[in-house]
Structures are given as structure tokens and as C-alpha cells.
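Visitor: Here the sequence shown is numbered in this note's numbering, starting from 10 and rising by one per residue.
Bear in mind the hints are in silico, worked out from the structure with no lab data behind them.
Below 27 Å or equal to it, Euclidean Cα-Cα: the simulated BS3-like pairs (lysine-lysine) are:
#1 Lys163 with Lys205
#2 Lys40 with Lys268
#3 Lys205 with Lys223
#4 Lys221 with Lys205
#5 Lys67 with Lys40
#6 Lys146 with Lys156
#7 Lys36 with Lys273
What follows is a set of in silico ranges between Cβ atoms, one per label pair, in the way DEER data are often shown:
#8 Lys205 with Gly70: 48 to 54 Å
#9 Lys295 with Ser321: 23 to 29 Å
#10 Lys286 with Leu191: 35 to 41 Å
Ideal placement from N, C-alpha and C gives every residue a C-beta, glycine not left out.
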Amino acid sequence: MKNRLLLLLVILTLAFVFASPTFAGGKWPAKQITCIVPYKAGGSADRLARGIAPFLKKELGVPFIIENRPGASGQIGATVFLSRPADGYTILLGVQPYLSNTIINQGAKYSLDDFAVVNVENFGAVSITVHADSPYKTFDQLIKAVKANPNKVKWGVVRGGGIHLFTLLLLEKLNLKPRIILYHSGAPVRTALLGKQIDVSSNGAVADATMKPKVRSLALSTSNKLGVWPNSPFINDALKPYGVKLPEVGDMRFFAFKKEFKEKYPDRWNKFLKAYKNVLNSQGYKEYTKKIGTAPETSYFGPEKSSKLVLSMHQLMLKYKDKFKKKKK
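From just these sequences and the hints, can you work out the full model?
Guide: This is the structure in C-alpha cells:
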């Protein structure tokens with residue numbers, strides 16, 4: 010009798026456990042969602058993830074936790090992300106073309122096909138910025154100075170991303186040969202510019218605006234007007250006298266799940282997609298992005314178009330892959 014009661018108790022306990030929301034077939038999400046940011050805290054990707062976190066928490070009803078896993082230009086974080094279960098409780102805040110650079114030039118074991126892109130939310134504009142004391146008052150003055158003094162004008166840029174790619178395209182189109190100085194992140198570039206260790210920089214437009222009035226922007230990579238730089242011209246307008254044109258290149262910041270998650274749990278995928286769209290369309294989030302100056306860079310393209318954008322940046326990286334390789338000493 011006792012054995013039967015014990016067996017019945019075990020069966021009832023197991024039935025309760027496996028019927029709980031945490032297990033397949035139950036409610037999702039039933040616990041916190043972790044967002045892996047493969048860069049240090051305080052950077053643009055980290056700020057995006059932390060900024061949207063409270064809005065997603067409210068919409069999904071569970072905490073949205075940020076986990077920073079920096080290293081190897083994002084490769085470490087992406088690898089950690091792909092090692093987690095494809096159950097929708099881990100999402101990646103990726104950045105193109107850094108992700109492609111880890112695949113093309115760093116030998117990462119993953120490919121773009123391993124990621125199911127939710128949305129390219131932020132297409133960060135690039136600013137060509139100089140110190141307020143710089144003799145270069147306009148983009149044209151800068152270009153003429155670089156042409157007249159090859160390998161003299163010190164141009165700071167972050168290695169391996171959209172800003173680096175934008176700079177390479179610009180220099181190639183105009184056949185410019187400044188003295189390029191590479192950095193691992195945007196913060197040291199800004200420090201170098203403020204300290205007049207470099208003459209000009211290519212860097213994130215919104216972040217560079219935090220240095221005003223000690224700096225000025227000579228041109229922007231985007232045709233969208235940025236409130237933080239209302240008088241800075243679009244690069245292709247500034248390039249018209251030279252007869253050349255650049256694609257709108259910058260750092261694409263996007264959210265992605267593992268490919269298997271979308272395939273195995275379409276209902277969960279669609280639920281997150283709906284919640285995410287609700288956040289982007291909410292008045293609260295719109296006011297937040299406007300306040301921090303990223304509203305013109307914030308968009309909802311959707312999974313299909315976002316995947317094409319991520320792929321297009323990958324193809325550009327393939328074209329210029331040799332320029333991104335570190336020179337052997």
C-alpha cells in the first residue's frame with residue numbers, strides 16, 4: 010500500500026513538473042531572457058541592449074538581462090551565444106561587419122547561416138570629425154590637405170567594423186593616402202582626437218557629438234539628418250565635386266537568435282517578434298531614442314530585409330578582406 014502511494018506521489022510530481030511553463034508545450038517566456046553583447050560594457054552595442062531591456066521586460070513579462078562577453082572583435086561572444094540552447098532564452102546583439110570579419114579574417118567556426126536575424130535596429134552613422142582648433146573647416150579643405158601631404162595627416166579609425174570599411178572606401182575612391190592609425194574601440198579614438206594626437210577621425214556620429222563643442226563634424230555617412238550634427242553635410246553631397254559616390258556604410262547593430270530556434274519554435278519566434286515590434290513602435294521607446302540622439306538611426310526592417318542587409322555587408326567585407334588583415338611584424 011505504501012509503495013503504491015509512493016509511486017502515485019512520484020507520478021503526480023513528475024506530471025506537475027513537466028506540465029510547468031519551463032518545459033516544452035508550456036508558456037514562453039517563463040524565465041529571464043539573456044542578451045549576449047560580444048563587446049565591453051559602455052559601448053554602442055551595449056548601450057542599445059541596455060536601453061531596450063526595460064521596454065522588452067515590460068512587454069514580455071520577464072527580465073531581459075545583458076551579459077557582456079567581449080573579445081576577439083566579437084568572436085568570443087558569438088561563440089558563447091551559439092553554445093547555448095536554441096530555446097529562445099538567449100539572444101545576440103550582433104554588429105556587422107564585425108561578425109563577418111570574424112568569419113572571413115579570423116577563422117571563426119560559425120557562418121551567417123547559424124543566425125536568425127530579428128532586425129537591424131540601429132544603422133550607426135559615421136562622422137568625419139576634427140578638433141575645434143583644426144585648420145580644416147570643411148570636408149574639401151581636409152581632402153586637399155591629405156592629397157597635398159601624403160602619409161602626413163593622421164587619421165584615426167576603429168579596426169574591423171563598418172567605420173573602418175567606410176574609411177577604406179572613401180580613401181580608395183579619392184585615392185587618398187593619410188597616415189591611418191587603428192584603434193580597438195571608439196573611446197580611444199575620441200581621446201586621441203581631443204588630445205590632438207590625431208588630426209581627424211572616422212567614428213560614430215552620435216558618440217562624437219558628446220565631445221561638442223571641442224570638435225566639429227565635416228561630413229556624415231548618412232543621408233538622414235542627425236539632430237546632434239544639424240550642419241554636417243551628407244558625404245555624397247560633399248563628394249559631388251569629385252564625381253564619386255559611396256554606399257551608406259556604418260555599423261549595423263542587430264538582434265538574432267540561433268537558426269534552430271526559429272525552426273523549432275516558430276510560435277516563440279513570432280511572439281518575440283510581435284513584442285519587439287511593439288517596443289519599437291511604443292511612444293516610450295521613441296522618446297528614449299530621441300533623447301539619446303539615435304532616433305534617426307533606429308528602424309524596423311524585419312527579419313527578411315535585415316538578413317539581406319547583413320548579407321550585403323558580408324559581401325562588402327569579402328571584397329575588402331585583405332585590407333582588414335593584420336600585417337605581420
